[in-house]
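The lines below spell out each chain.
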Amino acid sequence: DGGITQSPKYLFRKEGQNVTLSCEQNLNHDAMYWYRQDPGQGLRLIYYSQIVNDFQKGDIAEGYSVSREKKESFPLTVTSAQKNPTAFYLCASTEGLRTEAFFGQGTRLTVV
Amino acid sequence: AQKVTQAQTEISVVEKEDVTLDCVYETRDTTYYLFWYKQPPSGELVFLIRRNSFDEQNEISGRYSWNFQKSTSSFNFTITASQVVDSAVYFCALIENNAGNMLTFGGGTRLMVKP
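Going down the list, the protein sequences come from chains A and B. Going by our numbering, 53 is the number at position 53 of the first sequence; the sequence numbering is gapless. Going by our numbering, 1036 is the number at position 36 of the second sequence; the sequence numbering is gapless.
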């Protein structure tokens, strides 16, 4: 079955640690995205990548980093510079321009 | 800048009631695309509909219907004869033509359908 797989489902981070969230897709989509969702709020764009080896900052990129070495994979690193990382993180992909996005099931990150 | 407003943060209805979720958007672009997504408790967003700014026809898909009115910048979503399985958070979103694939989301409406 084609889709987007995010792992882990739950992640706990200690203060000062970097953590990496995985996102893999087998839909053969060129574009991939990372969104952050806070309770009772909509989704905000962190980073996006339209093609391999290229990515751009979204609205809230500070404290995050990404890489896009393979078409299928778009991992997100939450660095210690992100002061309030507790949130629900969603990865998505799109086939073309202005088409519907396909989403993974998300990773819930909690700082302990 | 583009903006999407979903004024209803939570709606509670009893099964079989009809319910309308409101969505109002702002954009300077004449060409844009509107979307609705459903987020069930499992977390992933599920695509429901995409509408471009040149197509103001209302759409019906089973118990779901959408009313797009450019004059009021609204793209409202109605569920007829609601069911418990409709309980979810629903998001309205916008892509401007010159914004590539950048979705701007509303804050979401949590719909609770009680048996």
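Some hints could be false.
[Said to hold, decoys possible] With a Cα cut of at most 27 Å, we get these calculated DSS-like pairs of lysine-lysine:
(1) A:K83 x A:K57
(2) A:K70 x A:K9
(3) B:K1114 x B:K1003
(4) A:K57 x A:K9
(5) B:K1070 x A:K57
(6) B:K1038 x B:K1016
(7) A:K57 x B:K1114
(8) B:K1070 x A:K9
(9) B:K1003 x A:K83
(10) B:K1070 x B:K1003
(11) A:K14 x A:K71
(12) B:K1003 x B:K1038
Just so you know, the hints here were simulated from the structure itself, not pulled from any lab data.
Checked hints:
1. A:K83 x A:K57: The given pair, whose Cα atoms are some 18 Å apart, holds under the 27 Å limit.
2. A:K70 x A:K9: Answer holds: K70 of chain A to K9 of chain A is near 22 Å, not above 27 Å.
3. B:K1114 x B:K1003: violated (31 Å)
4. A:K57 x A:K9: holds (24 Å)
5. B:K1070 x A:K57: Given pair K1070 of chain B, K57 of chain A is violated - Cα atoms ~31 Å apart, limit 27 Å.
6. B:K1038 x B:K1016: Holds: K1038 of chain B and K1016 of chain B sit about 19 Å apart, inside 27 Å.
7. A:K57 x B:K1114: violated (41 Å)
8. B:K1070 x A:K9: Roughly 40 Å separates the two Cα atoms, so the pair is violated.
9. B:K1003 x A:K83: Between K1003 of chain B and K83 of chain A the Cα gap is close to 26 Å, so the pair holds against 27 Å.
10. B:K1070 x B:K1003: Between K1070 of chain B and K1003 of chain B the Cα gap is close to 15 Å, so the pair holds against 27 Å.
11. A:K14 x A:K71: violated (31 Å)
12. B:K1003 x B:K1038: Distance ~19 Å between K1003 of chain B and K1038 of chain B Cα, so the pair holds.
In terms of the numbered hints stated before, the structure departs from hints 3, 5, 7, 8, 11, listed from lowest to highest.
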